[in-house]
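Engineer: I would like the entire structure built from these sequences, with the hints used as guidance.
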Amino acid sequence: MSIQVKEIHKQFGEFVALDQVSLDFPTGALTALLGPSGCGKTTLLRVIAGLETADSGRVILEGEDASDTHVRQRRVGFVFQHYALFRHMTVLENVAFGLRVKPRRERSDDAEIRRRVHRLLDLVQLDALAERFPSQLSGGQRQRVALARALAVEPRVLLLDEPFGALDAQVRKELRRWLRRLHDELQVTSIFVTHDQEEALEVADRVVLMNRGRVEQVDTPTEVYERPATPFVYGFLGAVNVFHGRIEGPHLRVGEATLPHEQTQVIHGAEAVAFSRPHELRIVTDPDTPHGVAAVVERVLTFGADVRVELDSLPGAAVRGEPAHYEVVMPRAQVDALALTRGQLVRLVPSQIRVFPSQAA
Amino acid sequence: MTAVGAVYGRGDARRYEANPATRETDWVKWLILTAALTFFLLFLLMPLIAVFTEALRKGWLTYLTAITDPDALASVRLTLLVAAISVPVNLVFGVAAAWAIAKFEFRGKRFLTTLIDLPFSVSPVIAGLIFVLLFGAHGWFGAWLFENDIKIIFAVPGIVLATVFVTFPFVARELIPLMEAQGREEEEAAVVLGASGFQTFWRVTLPNIKWGLLYGVILCNARAMGEFGAVSVVSGHIRGQTNTMPLHVEILYNEYNFAAAFAVASLLALLALVTLGLKTFIEWKVERGLRDTV
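Those sequence lines, one after another, are chains A and R. Here numbering that gives the first Met the number 0 is used: the first residue of the first sequence is 0, the next is one more, and so on. Here numbering that gives the first Met the number 0 is used: the first residue of the second sequence is 0, the next is one more, and so on.
These aren't lab readings, by the way, just hints derived from the structure by calculation. All values derive from a computational prediction rather than experimental measurement. It is possible that part of the hints are untrue.
Straight-line C-alpha distance at most 35 Å; calculated DSBU-like pairs for lysine-lysine [to be verified]: (1) A:Lys101 to R:Lys28; (2) A:Lys5 to R:Lys102; (3) R:Lys284 to R:Lys209; (4) R:Lys102 to R:Lys209; (5) R:Lys57 to R:Lys278; (6) R:Lys278 to R:Lys209; (7) R:Lys108 to A:Lys5; (8) R:Lys108 to R:Lys209; (9) R:Lys278 to R:Lys28; (10) R:Lys209 to A:Lys101; (11) A:Lys172 to A:Lys5; (12) R:Lys284 to R:Lys28; (13) R:Lys284 to A:Lys101; (14) A:Lys101 to R:Lys102; (15) R:Lys57 to R:Lys209; (16) R:Lys28 to R:Lys209; (17) R:Lys278 to R:Lys108.
Label-pair distances were calculated between CB atoms; the ranges are [what the hints assert, rightly or not]: (18) R:Val273 to A:Glu105: 42 to 50 Å; (19) A:Gly138 to R:Ala17: 28 to 36 Å; (20) A:Gly138 to R:Trp201: 26 to 34 Å; (21) R:Pro206 to A:Arg180: 30 to 38 Å.
Heads up, the beta-carbon is just placed ideally off N, CA and C, and yes, glycines get one too.
Structural biologist: And the structure:
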């Protein structure tokens with residue numbers, strides 16, 4: 000089922016949580032709402048569920064305006080960040096809840112309810128724990144119960160609020176894979192909220208990046224990572240190096256260095272900011288190289304297959320009063336060949352940069 | 000003062016005691032223990048023993064005669080009636096107020112929270128006087144009540160009103176912190192799953208607060224049966240009609256009928272013991288519940 004939100008605006012006092020947000024969630028897709036805390040992603044999810052009312056704008060479920068429909072009638076499945084399991088009920092009763100509170104003429108008999116609950120518990124691999132109470136389960140198990148409970152009412156859409164937020168790293172990784180598999184199996188339109196970019200890129204079909212109540216970019220994981228639309232997206236997704244400078248034709252002047260760029264939409268002479276990923280920088284040890292940004296080696300972190308080199312800008316080249324930091328990732332063999340030492344003066348040559356006008360940064 | 004609050008942090012004491020680094024020296028320990036136990040004996044246990052010894056000083060027969068005296072029985076009946084009305088009323092009010100305060104945001108919430116505590120901060124005598132001023136013969140509604148032949152002051156309705164007022168905070172005060180701590184998520188989950196407001200309350204909210212609620216009700220009941228000040232002002236002390244047990248005790252005492260006074264008092268003391276027993280039982284249940292959660 001498709002979900003659309005149109006010009007949703009929501010304010011808490013002075014704070015604008017959602018600023019004219021319009022989005023389209025296609026049928027059957029798993030979409031991630033990604034952004035820093037306070038960007039409005041959870042509020043948007045709760046508005047779609049009906050747990051929060053927007054000040055203006057509309058929520059359209061399956062082409063039908065649901066803005067004035069009560070939560071109860073929206074038939075959405077919602078998985079809460081802290082699971083919100085009914086603590087006085089067994090796992091079985093938790094999952095059965097949505098089936099038991101139906102009006103009498105729609106309600107199935109007890110045997111049928113039990114059969115359906117057991118089928119769902121099988122699906123989330125928890126059938127053996129049906130008689131346990133939530134307090135006797137681990138975080139990952141609780142999360143799966145919450146999911147089974149949400150699925151029990153056969154929701155038209157599944158909404159998950161930070162589904163893995165409260166779990167430790169190991170379990171989180173496992174559950175992510177599991178959720179993706181489950182979604183492929185059930186094909187129910189799903190939206191999940193996360194502040195973890197790795198999680199969003201790994202699990203979702205589409206990523207919606209949000210910042211300060213606005214949508215910054217909507218795209219596939221590959222696209223948002225490879226071609227960020229705004230400086231915010233660049234900074235938010237993965238590690239990034241930032242160069243502040245001025246446009247001089249086909250070059251960006253950073254201090255005394257110049258970097259070539261292919262951006263056509265920036266005006267000659269304008270202040271600009273350029274981004275480059277750590278693996279897109281090359282370290283040149285010959286200080287007389289004419290191009291590249293000068294930097295001083297600060298630390299070389301030599302664990303893992305790739306080596307991370309941390310560098311500082313030259314003391315004189317401080318941008319806006321703060322020395323800039325750079326990060327370069329390269330294969331170990333290359334670093335060994337360079338024989339970097341702490342305090343060594345080098346130049347950083349980007350293989351690719353992406354330039355944005357400064358005021359947008 | 001909440002049931003849940005009372006059981007937190009037990010077991011910690013034993014850990015400190017077992018650890019030589021945190022253990023107090025013997026004389027400090029004994030000093031504190033002796034002071035506490037002496038106080039306990041003098042001010043808590045001795046009066047309790049005194050009530051029962053005084054009540055039985057002249058033998059079982061006098062005791063039985065005193066508590067089966069028609070006026071005494073009438074006072075017991077009235078006390079039970081007042082409790083039977085005011086406790087359920089406060090149960091409903093208390094749950095409604097706690098629900099509103101803990102689960103919703105609205106203007107004037109802070110004011111309402113303060114208002115709930117009013118009966119605790121006002122002297123019971125004043126509480127009684129308020130009702131005399133409102134419903135007494137010269138009160139605001141006095142003339143109207145007289146014309147319509149409704150008696151509130153110096154009658155059972157006045158006693159019930161005063162008791163409801165004085166005992167109002169118990170249930171609400173017990174539930175507000177509990178419900179605030181539990182948050183709204185479970186209720187939201189229930190509504191998303193299609194439960195109606197009543198189903199949500201009955202199946203989710205109520206089971207979560209049941210022990211806190213029972214605790215509040217027991218304290219409320221103890222106070223409702225034991226209230227003296229407010230009831231004394233509005234009752235009129237008509238023997239066999241508007242005398243509750245505490246008032247009856249006072250009358251007997253003022254008549255130098257000590258044995259009978261203590262006999263009726265012993266019934267109230269028994270009620271206190273039952274209350275304590277139930278209270279301990281609930282704390283034990285809650286503690287066990289907490290231990291299961293950890």
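Engineer: Take the hints in turn and mark each one as holding or not.
Structural biologist: So, going through the hints one by one against the coordinates:
no. : hint                             : verdict
1   : A:Lys101 to R:Lys28              : violated, 61 Å
2   : A:Lys5 to R:Lys102               : holds, 30 Å
3   : R:Lys284 to R:Lys209             : holds, 11 Å
4   : R:Lys102 to R:Lys209             : holds, 17 Å
5   : R:Lys57 to R:Lys278              : holds, 33 Å
6   : R:Lys278 to R:Lys209             : holds, 13 Å
7   : R:Lys108 to A:Lys5               : holds, 34 Å
8   : R:Lys108 to R:Lys209             : holds, 24 Å
9   : R:Lys278 to R:Lys28              : holds, 28 Å
10  : R:Lys209 to A:Lys101             : holds, 24 Å
11  : A:Lys172 to A:Lys5               : holds, 34 Å
12  : R:Lys284 to R:Lys28              : holds, 30 Å
13  : R:Lys284 to A:Lys101             : holds, 32 Å
14  : A:Lys101 to R:Lys102             : holds, 24 Å
15  : R:Lys57 to R:Lys209              : violated, 44 Å
16  : R:Lys28 to R:Lys209              : violated, 38 Å
17  : R:Lys278 to R:Lys108             : holds, 30 Å
18  : R:Val273 to A:Glu105: 42 to 50 Å : holds, 47 Å
19  : A:Gly138 to R:Ala17: 28 to 36 Å  : holds, 32 Å
20  : A:Gly138 to R:Trp201: 26 to 34 Å : holds, 29 Å
21  : R:Pro206 to A:Arg180: 30 to 38 Å : holds, 35 Å
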